[in-house]
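Make a model of the complete structure from these sequences and hints.
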Amino acid sequence: MIGFIFKRLLQSVIVMLTVALIAFALFRYVGDPINNMVGQDTTQEERAALKERLGLDDPFLVQFGRFAKNAAQGEFGISYQHRRPVSDLIAERAPATLELSLLSALLAIAVGIPMGVYTAIRRDGWLSRAFMSLSLIGISLPTFLIGILLILLFGVILRWLPTFGRGEVVQLGWWSTGLLTASGLKALIMPAITLALFQMTLIMRLVRAEMLEVLRTDFVKFGRARGLPDRYIHFKTALKNTMVPVITIIGLQLGAIIAFAIITETVFQWPGMGLMFIQAVREVDIPIMAAYLVMIALIFVVINLVVDILYYVVDPRLRVDRAATGH
Amino acid sequence: MTLLTIDGMRVEFPSRRGHVTAVEDLTITVEPGEILGIVGESGAGKSTIGNAVIGLLEPPGEMTAGAIALHGERIDTLTDAQKRSVRGARIGMIFQDPLTSLDPLQTIETQLIDTIRENLGVSESDASGRAVALLDAVGIPDPDIRIKQYPHQFSGGMRQRVVIALALCGEPDLIIADEPTTALDVSVQAQILDLLKGLCRDRNVGMILITHDMGVIAETADRVAVMYRGRVVETGTTAQIINAPVHDYTRSLISAVPPPDRRLDRFPLVTYIEDAQERPEGLDLATHWLGQTRDYGAASEELLRIENLHMRFVTRHSIFPSRRIFLDAVKDVSLSIKSGEVFGLVGESGSGKSTIARIITGIYTPTSGSIQFAGTELTSLKTRKEASPWRRQMQMIFQDPFSSLNSRMRVKDIIAEPIHFHQLADSNAEAQKIVNDLLDVVGLGSQAAGKFPHEFSGGQRQRISIARALATRPRFLICDEPTSALDVSIQAQVLNLLKDLQQELNLTMLFISHDLPVIRQMCDRVGVMRNGQLLEVAETEALFNDPQHSYTQHLLKLMPVFSEGAAKFGTG
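Heads up: the sequence lines are chains P and R, in that order.
If you want the numbering used here, it's the position in the first sequence, counting the first as 1, plus 17.
Each step along the second sequence adds one to the number in the numbering used here, with nothing skipped, and position 458 is 453.
Bear in mind the hints are in silico, worked out from the structure with no lab data behind them.
Please note: incorrect hints may appear among the correct ones.
Dumping the calculated EDC-like pairs for lysine to aspartate or glutamate here, alpha-carbon to alpha-carbon at most 16 Å [claimed, not checked]:
id	chain 1	residue 1	chain 2	residue 2
1	P	238	R	173
2	P	238	R	425
3	R	192	R	168
4	R	446	R	408
5	R	78	R	57
6	R	494	R	343
7	R	333	R	168
8	P	257	P	185
9	R	552	R	343
10	P	253	R	104
11	P	238	R	131
12	R	446	R	435
13	R	78	P	247
14	R	407	R	395
15	R	333	R	343
Covered stretches of chain R (chain P as the covering partner; in silico rule of three or more C-beta atoms under 8 Å from a C-beta of chain P) [what the hints assert, rightly or not]:
id	region
16	83 to 89
17	200 to 214
What follows is a set of in silico ranges between Cβ atoms, one per label pair, in the way DEER data are often shown [to be verified]:
id	chain 1	residue 1	chain 2	residue 2	range
18	P	252	R	121	23 to 29 Å
19	P	28	R	536	36 to 42 Å
20	R	377	P	28	31 to 37 Å
Using N, Cα and C, we set each Cβ at its ideal position, and we do this for glycine too.
Structural data, given as structure tokens:
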């Protein structure tokens, strides 16, 4: 177990170094960093001095090492556009994105798994068929369209919910939360549903397919043959076996939700990292783009590590040790 | 009072193209403490009976006629909830494959205790005590320690004991055992059958034993029902069915079982089965394609020589050598196979027989040791190109006829593939001619060429595998359990074919099997393997009549014997 985690950590470090290299290349070689920082009227001498001071004349490896070291401490330099440290900007924007993403993920899991289980157990019920048809819509309509339709219906026609922004936020230390005010919660509803809908249908279909598979296995049949009630078979035997493959996908999807919150944030003008990233792309604000890239990679790596550890918790067959192989 | 009565039962599976009747007009009874064997080949409807009794027919299957009564009380008309209370508490069921019958994510303890509490409604501590007692009763050592373990920590035989304990949790009066030992080794099979017999006797439990294996029936059952295509063709006491079968099907079924006590020239075919095929007699090697370039120079006495072969697999990788765990699948094996000989390798699962076959064919590279084929050291051939002419001379037939043929290729392409690969034909047309020829040789006929593998039965697919193996004109054929996935009547056909081909083409054969009677029929010499070691090599008749090694004696003793007057072998 410890050896395994050590191996995965080592792999994670390699992944992060690779991503950092790409981010660094972006930073250093897409356009001239000096040009991006200074105004039109800066003299050639001043430019050279700045280049010298920023260490842009140093060998490649030294520069990359410095970048990686700073990145590891969360330092990605100064945003060209905002003239403030990127780390401060991210810290400011992260709560909005994380609140939105985690709530969406929670929604997707809390609704998707029970729907998947239900459609697997009552395969031919009319409600199952309705869920399956609805899920087809959820999986085929693009996120931005769903967002716009929701805005049209609940924001413009019914005027129930705000169409943009986070509403009022409360400051808890450095973390700003919209979960404690009525307007903050109202503002969260539509973006969260928009972001969750695709994942929800994906999880539902995945759980359904896996569950149907498990319900066909011998041990489920044997469970029925020895008189165990359906409730037990469905939830204690089948669901647990269903979760083993589902965990991986849910883990990866959680990363995807955070990374691809960009579109939802743009549609709802949600003041999160995704919106900041889109603006950074528009303004060629390389430090923000580099930081965003590294951060998303870190999130994926951490989630994958957690998923691998969860596997061990759920599946005893992976806990192979000397004693077990002896039999 | 009669425990179970099934009267005139019919089970149908409605489908769009009309109803398929799986079981027709079935009438059987089981008394308390009695073991009723139901025997038949695949598709005979045996398992459907078990599922119907326990009320778990796979939809859309349904019982459309007849009655099932337990202690005189109808159980087929109960509601679903009532049927559930019959399952487990009054009828227990044991399935074929112990590796898949247990929930892999829960401890044995949880599975046992939950089942006991569900069926008997006792307290947790009471159930826990009963669970340990049950494990003890089914012969699991240290039950109070092992109960905390997960299914994957048990061996196949031990898992089947756990399955039996689970089936006994609700203290049922009737047990339905569906092929309970088919997935197990012969020594484990004997133990499980003894256990089942003992349980029925001690607890006065009736049992329906469903199997395809006449040997199992002979060892275990009190009475037998023989099934063919959904109908019972004959019932009687075990002795009567085996010694004086009345129905033609029973007779041919019994005659097709390879006798363990004597060597036959050919296997009697089950003529009752309509699709029993015979192939054209004899091949004239002087003119036939298979005869060309068969002259491999001076025929050396010894075709294959294996010396000190060792194969080690790493089962746990670690950067520290001391923490690595190894499995020595083959330990210091030396043997030689003479030209034109059929050499048998026999042993239980995990004994290393298949590993040897894979090393010879080059699928695995041995850790150490030498393999000489017709005087050439195969382990010294490094490139594919160098090895190719030797690989062409040896071909392999695999156990599973369903997974060893590419289901997306037509039969003619499957067989032509090795011909093209080794460039044995000048043109496509010539290759097709050879393919048609080979299909005739294995008794399928050239009309099979355009079909896909799924259009054939297991036995026919195995014929396709044989045709494919012959397509390179090999002189050495490795058969790895070629008939263990087949019904006994089909097995007889395929073994006859292999025997004929071996004689006509003067093939040298390595024949791997766990089935001693089959080995006796097929092989000239036999090697016995256990845990990667070759324990004993002897002429077949000598081995069966006078086994030297104690393990061989043990194996022979366990061999199910059912024909009358056949003395058990070995010294016991």
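Hint check:
1. Among the hinted pairs, residue 238/P with residue 173/R is consistent with the structure: their alpha-carbon atoms are about 13 Å apart, no more than 16 Å.
2. Straight-line distance between C-alpha atoms of residue 238/P and residue 425/R comes to about 52 Å, which puts the hinted pair past the 16 Å bound.
3. Taken as a hint, the residue 192/R and residue 168/R pair is honoured in the structure, with Cα atoms around 14 Å apart against an allowance of 16 Å.
4. Taken as a hint, the residue 446/R and residue 408/R pair is honoured in the structure, with Cα atoms around 10 Å apart against an allowance of 16 Å.
5. Distance restraint check for residue 78/R and residue 57/R: the Cα-Cα separation of roughly 15 Å lies within the 16 Å cut-off, and the hinted pair is therefore satisfied.
6. Restraint check for residue 494/R and residue 343/R: not satisfied, since their Cα atoms lie roughly 24 Å apart, outside the 16 Å limit.
7. Taking the CA atoms of residue 333/R and residue 168/R, the gap is about 56 Å. The hint is violated against a cut of 16 Å.
8. With a CA separation close to 41 Å, the supplied pair residue 257/P and residue 185/P exceeds the 16 Å bound.
9. Simply put, residue 552/R and residue 343/R have alpha-carbon atoms about 14 Å apart, close enough for the 16 Å limit, and the pair holds.
10. The hinted pair formed by residue 253/P and residue 104/R meets the criterion: a straight-line CA distance of about 14 Å does not exceed 16 Å.
11. With a C-alpha separation of about 25 Å, the suggested pair residue 238/P and residue 131/R falls outside the 16 Å cut-off, and the hint is violated.
12. For the hint pairing residue 446/R with residue 435/R, the CA-to-CA distance comes to about 15 Å; that is within 16 Å, so the pair holds.
13. Proximity of residue 78/R to residue 247/P is assessed by CA-CA distance (about 12 Å); at most 16 Å being required, the pair is judged to hold.
14. Distance hint between residue 407/R and residue 395/R is unfulfilled; the C-alpha atoms sit about 20 Å from each other, more than 16 Å.
15. In summary, the hint linking residue 333/R to residue 343/R is not supported, as the alpha carbons are separated by about 25 Å, beyond the 16 Å threshold.
16. Counting residues of the region 83 to 89 of chain R whose CB lies closer than 8 Å to any CB of chain P gives 4, so the stated coverage by that chain holds, three being the minimum.
17. Against chain P, the region 200 to 214 of chain R contributes 0 residues with a C-beta closer than 8 Å to a partner C-beta. That does not satisfy the three-residue criterion, and the hint is violated.
18. Between residue 252/P and residue 121/R the Cβ separation comes to about 24 Å, which falls inside the hinted range of 23 to 29 Å.
19. Hint check: residue 28/P to residue 536/R, Cβ distance near 59 Å, so the stated range 36 to 42 Å is violated.
20. At about 33 Å, the CB distance of residue 377/R to residue 28/P agrees with the hint of 31 to 37 Å.
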